[in-house]
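Novice: Work out the full structure: start from the sequences and follow the hints.
Those protein sequences? They're chains A and B, same order as listed.
So for the first sequence, numbering that gives the first Met the number 0 puts the first residue at 0; every next one is plus one.
So for the second sequence, numbering that gives the first Met the number 0 puts the first residue at 0; every next one is plus one.
Source of the hints: derived by calculation from the structure; they are not laboratory data.
One or more of the hints may lead you astray.
[Said to hold, decoys possible] Now the stretches of chain B that chain A is said to cover, found in silico as 3 or more residues with beta-carbon under 8 angstroms:
{"hint": "1", "segment": "132 to 140"}
{"hint": "2", "segment": "163 to 171"}
{"hint": "3", "segment": "213 to 220"}
{"hint": "4", "segment": "226 to 233"}
[Unchecked claim] Examples of chain B residues toward chain A, derived with CB under 10 angstroms:
{"hint": "5", "residue": "K197"}
{"hint": "6", "residue": "M198"}
{"hint": "7", "residue": "P199"}
{"hint": "8", "residue": "A223"}
All values reported here derive from a predicted model rather than from experimental measurement.
Glycine included, each C-beta is placed from N, C-alpha and C at the ideal position.
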Amino acid sequence: MTRSNTMTRVMLPLIAATLVLFCASMLIGPARMSLGDSLSALFAGGESPMALVMREIRLPRALLAVMIGASLGLAGAAMQGYLRNPLAEPGLIGVSGSAALGAVLAIQTGLAASFALGLPLAALAGALISVLLVMALAGPRGTSLTLILAGIAVSALAAALTSLVLNLSPNPFAASEIVFWMMGSLADRSMTHVWLALPLMVLGWALLAGLGRGLDALTLGEDAAQAMGIRLTRLRLMLVIGTACVVGAGTAVAGAIGFVGLVVPHILRPLVGARPSSLLWASALGGAVMLLLADIAVRLILPERDLKLGVLTAIVGAPLFLHLILKLRKERI
Amino acid sequence: MVACVALSFGGAALADAPSAAPQRVVSINLCTDQLAMMLAGEGQLLSVSRIAFDQQVSPMAEEARAYIRNFGQAEEVYMLRPDLVLAGTFTPSHTVRMLEGLGIPVVRFDITSSLDGVRDQIAKMGEVLHRQTAAAHLIADFDARRAALEEERGERPSAMLYYANGYTSGEQSLANDILELAGFSNAAVAAGYEWGMKMPLEVLALSEPDLVITTRPYPGGSRAEDVMQHPAVMALNGNSASTTVTDHDWVCGTPFVLRAAERLAEVRREMASAAQ
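Specialist: This is the structure:
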């Protein structure tokens, strides 16, 4: 399959789906407004309450779904490419959970309130520590099993510490937010959250998008990649920092949303001819599609109850995860 | 043997309850804490709940210091040897059953959902504590202050209560009565909310109230309370002259609700003069 062929066959439908779902996300909500009213309020702006709903409530929600979905898809594809392991995913190996711990600490200590970027930077720090920890524990050529076991330990610890911090908080509402930090939600997010997450995400996207050539070379093995002039230490550093940036920024504003980085690259891999470089951008678009879909679904299934996004992504993702484990087991035997 | 004695002692207290005034009263509910502190005679009230000491929800946190602090658990309440326990309808029923099983009479007070309900609560507390005269004075004072507020006429701007997690108070609530008494119309009622319910942010934005009333956040921060600072809420209040928050005066059906209404009426007068 040639590269341009892949582009038209995979990229165009994904872009179209993202656009359609983005529009659907802008038009679905508890306030019943007609299509014409919604659009004119969105573009004309002004002080009207409809403009407020479109610009301050629905727009940030749809934007964050795209940004965070793309980030998770991209991070999943990059990690799987580097580790050559289809089970690597930021949620499963504890990166999202640790980012949530960093975010919770920033909120409860007052760091988030005292300095604008305190929240995403603390989440970034949490994510960074866990990526380094898991990669050190599993080793660069670690088996799937050691990677997943290290991830389970790190996620369990992060979840326990997050719950502990929220239970110790003087705020009576904090403890009930454990489920938000574990499952993620985009309800009632604002443009403030978009601006909080965007800088780190852009940095992370740039770092991860630059991995394409290196990851392609790595499919031939580390020695071959080095012979082709790929500097593996640099590649690894870009991957770690890029993943921590995108996952940290996303988790800081929307909680930990699992399985997007697992499901999306898995579905798209055969469509892009298993080329890691093509899989990167395809997974970014696919992640945006998946999260937009999930966020529309939570609003349609239980409009007033704030069903968490992680519930839906796990219902789709966990069976696929089991399927991948079975497949890996057969290959080993 | 001890239990046997305790039971017979408790049984006797229960039988005598209508005739003799209780002498060792323990309250384990924030709202009964306040009514009891207002009405109890010298030395009659022994202990109030720990929540009564919390400035955030208790307007009588200072007064509470004169009493023993309890955590509302059957064992510690029993150790105080009360002859009457005051509880709320939402006090865990196993605690109440255990105390009653130990022979201690427990009187439960309902949640108050209207201003008339406040009068009933005061009267009930007066009867339970055998302090009917004090209760009658408190009710007379309550009626006078309420009538003074009701006399005010004029424009009725709309107001929406917007609490943590996006909850609002509809028609069947004490908060609604406070709003109405202060001269506002409750925008949640206009939007079809009958009692305390979760209201989507979009519905709040479209109902365009003249005033959005939020709560004062607890320390530590939470996502539940962050929604009250959402730019859409800020934009709604950006046009209004004053902003306000609900506080400990709004929590219970006690005469403090009139202080809340009086302060809110002041906000309404400021809004009216700013509009001119």
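Novice: Next step is simple, just say for each hint if it's right about the structure.
Specialist: Hint-by-hint comparison with the structure:
1. Here's how the segment 132 to 140 of chain B fares: 0 of its residues keep a CB closer than 8 angstroms to some CB of chain A, so the rule of at least three is not met and the hint is violated.
2. Counting residues of the segment 163 to 171 of chain B whose C-beta sits closer than 8 angstroms to any C-beta of chain A gives 3, which meets the bar of three, so the coverage hint holds.
3. As drawn, the segment 213 to 220 of chain B meets chain A at 5 residues by the rule of a beta-carbon pair under 8 angstroms; at three or more, the given contact holds.
4. For the segment 226 to 233 of chain B, the assignment as covered by chain A holds, since 4 residues bring a beta-carbon within under 8 angstroms of that chain's beta-carbons and 3 suffice.
5. At about 6 angstroms, the closest approach between the beta carbon of K197/B and any beta carbon in chain A falls short of 10 angstroms, and the interface hint on this residue holds.
6. For M198/B, the interface hint holds, the least distance from its beta-carbon to any beta-carbon of chain A being 9 angstroms, beneath 10 angstroms.
7. With its C-beta approaching chain A no nearer than about 4 angstroms, P199/B sits inside the 10 angstroms limit, and its interface hint holds.
8. Among the interface hints, the one on A223/B holds; its C-beta lies about 4 angstroms from the nearest C-beta in chain A, closer than the 10 angstroms criterion.
Violated hint for the displayed structure: number 1, the only one.
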